[in-house]
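Trainee: Sequence:
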Amino acid sequence: MKHVLLHIGATIPSAEDITAFRPIVDAMGARLHVIYTQPDPLSAGGQADLNPARMPELHQGMEAEAREKLSGLFGHAADAATIQIRAGDPIRAIADYATEAGIDMIVVGLATEGDEESELARSLLDATGCSILVWRAR
1 MKHVLLHIGA TIPSAEDITA FRPIVDAMGA RLHVIYTQPD PLSAGGQADL NPARMPELHQ
61 GMEAEAREKL SGLFGHAADA ATIQIRAGDP IRAIADYATE AGIDMIVVGL ATEGDEESEL
121 ARSLLDATGC SILVWRAR
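Heads up: the sequence shown is residues 1 to 138, going by our numbering.
Incorrect hints may have been included.
[Unchecked claim] Between beta-carbon pairs, the in silico distance windows are:
hint, residue 1, residue 2, range
1, Glu57, Met28, 18 to 26 angstroms
2, Thr99, Glu63, 32 to 40 angstroms
3, Thr99, Leu133, 14 to 22 angstroms
4, Ala80, Gly129, 23 to 31 angstroms
5, Asp126, Glu100, 12 to 20 angstroms
6, Gly102, Arg22, 31 to 39 angstroms
7, Asp126, Ala53, 35 to 43 angstroms
8, Thr19, Asp89, 27 to 35 angstroms
Note that these hints are calculated values from the structure, not bench results.
On a predicted model such as this, the values are computed, not experimentally measured, just so you know.
Yeah, the Cβ is synthetic: ideal placement off N, Cα and C, and Gly gets one too.
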């Protein structure tokens, strides 16, 4: 496996989860990709009156938010990760990026049984040919 994709959406991995997950990626010698999905892009920055000309600013704000969250979890290793920010349906966004980037394994979180991340994992099994690793948030 050369490309591992970590999804950050409703469930954000804790530092403890990353400490357990990161050695798996490192042992495989895989490149880490992180996809941050936002079903409603306007909720990312609380933009009430969005001017289409300001979409690049909104995207930059979403990326800054994602990098901030990642740096707290990965430290300087966050700078080496490929980060994608996608808006809209998380299943479609993840499946499309997995195809584009040649992802071998997708890692998703599971906060509680039956939550939206649980449904995401099951749907990704159908939507991609990737292995899926589900971690349970603590």
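Trainee: Now look at each hint and say whether the structure bears it out.
Mentor: Status of each hint after checking the structure:
1. Taking the beta carbon of each, Glu57 and Met28 are about 37 angstroms apart, not inside 18 to 26 angstroms as hinted.
2. Against the hinted window of 32 to 40 angstroms, the Cβ-Cβ separation of Thr99 and Glu63 comes to about 22 angstroms, which falls outside the hint.
3. The hinted window of 14 to 22 angstroms between Thr99 and Leu133 holds, with their beta carbons roughly 18 angstroms apart.
4. For the pair Ala80 and Gly129, the supplied restraint of 23 to 31 angstroms holds, since their beta-carbon distance comes to about 26 angstroms.
5. For the hinted restraint 12 to 20 angstroms between Asp126 and Glu100, the CB-CB distance of approximately 19 angstroms keeps it satisfied.
6. Under the hint 31 to 39 angstroms, the C-beta atoms of Gly102 and Arg22, about 21 angstroms apart, miss the expected range.
7. For Asp126 and Ala53, the Cβ-Cβ distance of about 38 angstroms falls inside the hinted range of 35 to 43 angstroms, so the restraint holds.
8. At about 31 angstroms, the beta-carbon gap between Thr19 and Asp89 stays in the expected band of 27 to 35 angstroms.
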